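Just so you know, the sequences run in chain order C, W, D, H, U and V.
Taking this note's numbering, the leading residue of the first sequence gets 64, the next gets one more, and so forth.
Taking this note's numbering, the leading residue of the second sequence gets 64, the next gets one more, and so forth.
Taking this note's numbering, the leading residue of the third sequence gets 64, the next gets one more, and so forth.
Taking this note's numbering, the leading residue of the fourth sequence gets 64, the next gets one more, and so forth.
Taking this note's numbering, the leading residue of the fifth sequence gets 64, the next gets one more, and so forth.
Taking this note's numbering, the leading residue of the sixth sequence gets 64, the next gets one more, and so forth.
There could be a bad hint or two in this list.
No copy is singled out in the list; a pair is fine if it fits within one copy or between any two copies.
Stated by the list, open to error - Within a straight-line C-alpha distance of at most 16 Å, the following computed EDC-like cross-link-like pairs (lysine to aspartate or glutamate) qualify: (1) Lys-233 / Glu-335; (2) Lys-319 / Glu-335; (3) Lys-70 / Asp-293; (4) Lys-319 / Asp-291; (5) Lys-349 / Asp-293; (6) Lys-70 / Asp-291; (7) Lys-349 / Glu-256.
The set of hints was computed from the structure by calculation and includes no laboratory data.
Keep in mind that this is a model prediction, so the values were computed, not measured.
Protein chains: 6
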Amino acid sequence: MFYHDKKLQYTVKVDKPNPQFARALQQAIGGIEGEIRVCLQYLFQAWNARGPVRYRDMLLNTGTEEMAHIEMLATAVCLNLQGAHSSVIESIVGDDPLMEKIIGGGDPRHFLSGGMGALAADANGVPFNGSWVVSSGNIASDMFANVMAESTGRTLATRLYEMTDDAGMKDMLAFLIARDTMHQQQWLAVLEELGHGDIRGVLPIPNSFPQSQEHQEFSYAFVDTNIDPDSRSAGQNRRWTQGPSIDGKSEFREIKAQPVGDEPMLAPPIPEGHAQTEQIEQAGQKS
Amino acid sequence: MFYHDKKLQYTVKVDKPNPQFARALQQAIGGIEGEIRVCLQYLFQAWNARGPVRYRDMLLNTGTEEMAHIEMLATAVCLNLQGAHSSVIESIVGDDPLMEKIIGGGDPRHFLSGGMGALAADANGVPFNGSWVVSSGNIASDMFANVMAESTGRTLATRLYEMTDDAGMKDMLAFLIARDTMHQQQWLAVLEELGHGDIRGVLPIPNSFPQSQEHQEFSYAFVDTNIDPDSRSAGQNRRWTQGPSIDGKSEFREIKAQPVGDEPMLAPPIPEGHAQTEQIEQAGQKS
Amino acid sequence: MFYHDKKLQYTVKVDKPNPQFARALQQAIGGIEGEIRVCLQYLFQAWNARGPVRYRDMLLNTGTEEMAHIEMLATAVCLNLQGAHSSVIESIVGDDPLMEKIIGGGDPRHFLSGGMGALAADANGVPFNGSWVVSSGNIASDMFANVMAESTGRTLATRLYEMTDDAGMKDMLAFLIARDTMHQQQWLAVLEELGHGDIRGVLPIPNSFPQSQEHQEFSYAFVDTNIDPDSRSAGQNRRWTQGPSIDGKSEFREIKAQPVGDEPMLAPPIPEGHAQTEQIEQAGQKS
Amino acid sequence: MFYHDKKLQYTVKVDKPNPQFARALQQAIGGIEGEIRVCLQYLFQAWNARGPVRYRDMLLNTGTEEMAHIEMLATAVCLNLQGAHSSVIESIVGDDPLMEKIIGGGDPRHFLSGGMGALAADANGVPFNGSWVVSSGNIASDMFANVMAESTGRTLATRLYEMTDDAGMKDMLAFLIARDTMHQQQWLAVLEELGHGDIRGVLPIPNSFPQSQEHQEFSYAFVDTNIDPDSRSAGQNRRWTQGPSIDGKSEFREIKAQPVGDEPMLAPPIPEGHAQTEQIEQAGQKS
Amino acid sequence: MFYHDKKLQYTVKVDKPNPQFARALQQAIGGIEGEIRVCLQYLFQAWNARGPVRYRDMLLNTGTEEMAHIEMLATAVCLNLQGAHSSVIESIVGDDPLMEKIIGGGDPRHFLSGGMGALAADANGVPFNGSWVVSSGNIASDMFANVMAESTGRTLATRLYEMTDDAGMKDMLAFLIARDTMHQQQWLAVLEELGHGDIRGVLPIPNSFPQSQEHQEFSYAFVDTNIDPDSRSAGQNRRWTQGPSIDGKSEFREIKAQPVGDEPMLAPPIPEGHAQTEQIEQAGQKS
Amino acid sequence: MFYHDKKLQYTVKVDKPNPQFARALQQAIGGIEGEIRVCLQYLFQAWNARGPVRYRDMLLNTGTEEMAHIEMLATAVCLNLQGAHSSVIESIVGDDPLMEKIIGGGDPRHFLSGGMGALAADANGVPFNGSWVVSSGNIASDMFANVMAESTGRTLATRLYEMTDDAGMKDMLAFLIARDTMHQQQWLAVLEELGHGDIRGVLPIPNSFPQSQEHQEFSYAFVDTNIDPDSRSAGQNRRWTQGPSIDGKSEFREIKAQPVGDEPMLAPPIPEGHAQTEQIEQAGQKS
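From just these sequences and the hints, can you work out the full model?
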């Protein structure tokens, strides 16, 4: 079963709110490359696991971690939708002026349906779809599905990173990119354990993103979210918690899940969003 | 952020495996009345919350609890898909023989796509859809959405209860029905707090299900999943943790989240499902 | 705007309730060939109409009529889900025993989600999808979309007709098949009016269904649902209300919408469906 | 069965056409908070009703009324897509400049697929989905589903109201907001009748919208769309047609459905939309 | 079975890259009026064909041709997303300034999910849906479905034609419009063969688009994609390969499928899209 | 562009028609593990390819091959839906009697919507969804997506193989399983070429299926569907056309695409499916 605390796994700060970026972030929440998908995928694979228990344990840990990523991104969407300073994406990627046109406007449903809140949908407002949750009953198929999810996920995160010059958002994405680095490797570690796996050269995907820009203290660490003192940790003496990483660039290690971020605090509702009167008046009150 | 242990919130036991019932249980996992919907709905409402902090806290707790319900139901699906004894639903509900025809067969994707595992889909295999996740930014709208979800959810659970004579499944459902009883009330408690609410007569919905059959020790208890000792619990001195329940039938109380069930242990893969060879050979091994 | 009475456009009677047939009927409600689609398609074409007013008028009439068809079919689903007599589809079509296997079981969501009620979904429980509503702004494109909808719709209705030996269901379908005959022709009449159209030989589609089995008094009659005495009727002196039918087999005429059927009366809820207690106790009460 | 006239339930006038607002209005047509959903939801609940007849009657009336709301909004979309004056949303809500960015552009499918017509889709072009139509067979669950639909629906309508300074659009929305006020209450009146219901303080949701801005002559009136003189009206002596309103702010009353608006008249097709030649030449002709 | 070469069926050239137009083109790829739909629809009708072989043969040819249309449009999307010159749609259709607002921005998923590539989705990013593929088993129903698809498809293509002043894009669309002209007629030719069909006046739909602007050498030519020298061609002596066209404006003829366009050559990945390093370095290399 | 002949890539023969198996086969056509997905995925990756030309070439070849696989499976569905002998799945997999229950009945839409034809949908009738088509712009991400598709696809095919004792169906599946073996390896060959890849031990996935049962002459052969004599073949001297296979079990080779199967010939329409009269009368006629 599951537990929570009120803090974020990593700091989420937005210096210059930007609704277009809020829309883009939705892809990482509810898109096919996004966190709802990996969260449910790893958890369903765990719940359906009929093989060795260690894989079930590993999947439970990482599925639980992904919950915290959805939380971070939903918070980031909310923060990008509030505040007084208008600041569109100006210093957009590279030397190609067409890029700017592609981004388009925000998502009107952030206001119309959410009152300035995140949606369980992608960057075009297309809802998350449960068909994306792969749990095949074959551990190798599942691991490839997971590597694929983390590869397209990390690629998406690096593109979001390039799209923004907001320091807070870049910091958050540098953390998420690092976690994707690790997650790619841990699924490949299972494949190695099951046979013989060695595809170091292509990792981490995309390999064109300089790893110096990701938060490397998290790039090769397995995060253990299990709080039961009586239960053997999933990670002890596993291929994915010690020894050289699959890409040969570091050593695996294991850390206990621990929030780095604070409890998030959103701005009060704007009047035009027509929250309940009491909700507006008591906004931010703790009791 | 989120944590887990390896045990189930409540015992999940299947005496007579039944693939048709596995299919029916999918409605409670991935259907519009199901647990993935309420889990994401409460969590998105929490993450998007701009009003008083106590509502955000409450939503986080119950959203986290719902994760454990998906886990229980996914485990129940897996257990209904395994084993040697064929036992179709015989003593189906009531005196209407047509009922039996309605149930139909199992879901072939349980084998074809899942290798005898649960899906993120409803009883007809229609995938979970993120559009069902309501988070409107208006706390009263959201609370009505939540009451509605728990009312259709409890109605579904009582129908599943009537469909089976498997003691283990009836026991699990009696727990889930009790939790729905509580959840209906806690959202109404918010509405009461925000204005003046009193709709006791209709509760719990459906009121035609005898409450003596639900596990009443859980019917009026708020479950606190927050493990941070430094963080004030969501439930202390709240309308939904003490005082008379909204239906006037009991007193609210608060309990710490605690697993009643064990760590689940599924049967090994069947050969025809073509898991990896190593997965079959090492099934059940802890390390 | 819209009005109603409490009676059905045509009689809906079920002699031998049959949940499998209830499932099959769903295709005619919420499937791509079904009545929700044509209802919304004709109404959106009317509301978006920028050409001559007479086409807008015609579309409004037939779109309104289709509402009554959804109502008839939903009633038919409910009646097939109730009652004490078990009677599976025995004398299924033709000399091919495989046909029987294809039909499969009922839809478990009729009980689980609907408490023995119809769904806005197709025969596999896949929800109605608004993308099927074609309103292109080009009247000829729209008319072809409408002929196509009525052709696949009539084909579906004849297959349902062949699937059942229930006299009541055959009677209802004979009416709906006749209406599809007319609707195919009225859209083709617009094409004729706009240019020169003559495709009589293939009509009505499918032409392999003997028209003697459809209720021919409705096969060439335009139904006028407009109740405003001050508003010129859509049908007066139109190509689709007088003169030879497009298939050359009859004369068009116009009739005022008039219920042939009675107010439907469903059986009370079964206890296992857990309606509210009051709902069960007061079932059928008029006040 | 169903009938129509050619007029609108309430006046729909657009002073300054605005494609962005046309896009936003789509949420109220084909979104989960929109009118297609409530229309089908109330009608399916009526058609599936197995309890007391008075609830079936009430649902039929209001389901029929909602058809007229889809019609009004589709007309509003069409009017916002035509005309010579460019007038983007300038005086957008409140003091938060970010709001303006959120709205984004129009929906290209209004031109590409519709030739300047409305779609059966939401503000992001996501099609209406039949899974949103809740008809559970439990009248209390259904009533909560209906209150929820009208709460999120009224919240959406107030947000649309804040987004525009077009007098015609504000007038139309003030009517729709009033109808949502009534609809919230009539479903709660059923809950009161079934048990004991009193949640007056939170109503109407959102309670932060000043009711002086809604058309209050429609805020507490049950609209009877039944035209059968022989059939007892649904509303006579019902909890929802007389006595104090649920929110304690007024008295319920009943009115016969009567169009306030005129027959809509759209501009002819623009040449670039490539309607048929005859359609363009005869645009607006009555015969 | 199927074969390919590396060239395009017709030239695809983009003079002024335009991401908004790239978004609009998606409607012709993955929208309900688009090429994936007709491709799969004709092929499924062929594979399911139980009637005379000549219809199966015809469907196979045209289904195969449509593959090449998806290819052309996907290439056009890619070319509109690359290059150094910013050139928004300026000389947009007609004299109505509102049109410009409707188009909105680009699709952010072209960058976020595709790295500047096309998607299997419509202009709003809504994914292609298999429910649109009509194959009814009744050849007349299927032919009307096909005429409808080509009518809405040609209408869409003419609107795209009006939206752009890019010579390359206009040239490509003039080809596709011509092919739609032919395809409308060939399905009607089947209807004529099956009965008696003559609806010349409305063709080609839309008839308001001047045919002098389409590439008329392709407007009445059946394209034979069958490469098996031993297999009798589908088109020999068929109603759709010789004799007067259905619209009476030309003569049908048959041509062997032959690429007019070259092998496409896209620009290298932009650095911000984070392709693999090797992919960027070796871009355009042939071996 | 694309070409076809009228024969099947491999023989498709059904000895004992079986509608339940027809339903199961739909998963391999329109399911997330199915052939429409891989076909469109490889083709979109080709059309969007911005890296070295050799990858684009390879993708075009295999995407084209997959078209032929959809064709084979659609033919197999049709053949399983026709004929006079009733033969349900009796000797179902393994020693677990529950398996039989899981399969359930057929898909009623095979008759109702298709007149005994295949659908673009999965085994539960859920339509194919374009969101499954992954084309990320990062070649390594794409290759992992492709390995995943072929791993879940081969797992599905082996499960279908275990479900049937029909010699024709086993023969067809043995071919498709062999092709999946090859396709897994060729995508891994790209990864090897891009870096350093060696994961031989787990291959082919699932490794629990005895390769002696697949048609091994196709297990390590790249199929070249390119018919342009002037265009350099994709496969010459490529990692995936010569040298040891990735799993170390064989040598890669290249073969020209060549049909092994015959032109399919389906039974005439059954009368109850109401094809057009002419279609029934002329069934099987070649001209």
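Going down the list of hints, with the structure as the test:
1. Lys-233 / Glu-335: between (30 Å within a copy, 14 Å between copies)
2. Lys-319 / Glu-335: So Lys-319 and Glu-335 fail the 16 Å test inside a copy (43 Å) and across (34 Å) alike.
3. Lys-70 / Asp-293: For Lys-70 and Asp-293, the Cα distance is within 16 Å only across copies (11 Å; inside one copy 25 Å).
4. Lys-319 / Asp-291: both (12 Å within a copy, 14 Å between copies)
5. Lys-349 / Asp-293: between (34 Å within a copy, 15 Å between copies)
6. Lys-70 / Asp-291: between (20 Å within a copy, 9 Å between copies)
7. Lys-349 / Glu-256: Only across copies: Lys-349 and Glu-256 sit 15 Å apart there, 49 Å inside one copy, limit 16 Å.
When the structure is compared with the earlier hints, a violation turns up for hint 2 alone.
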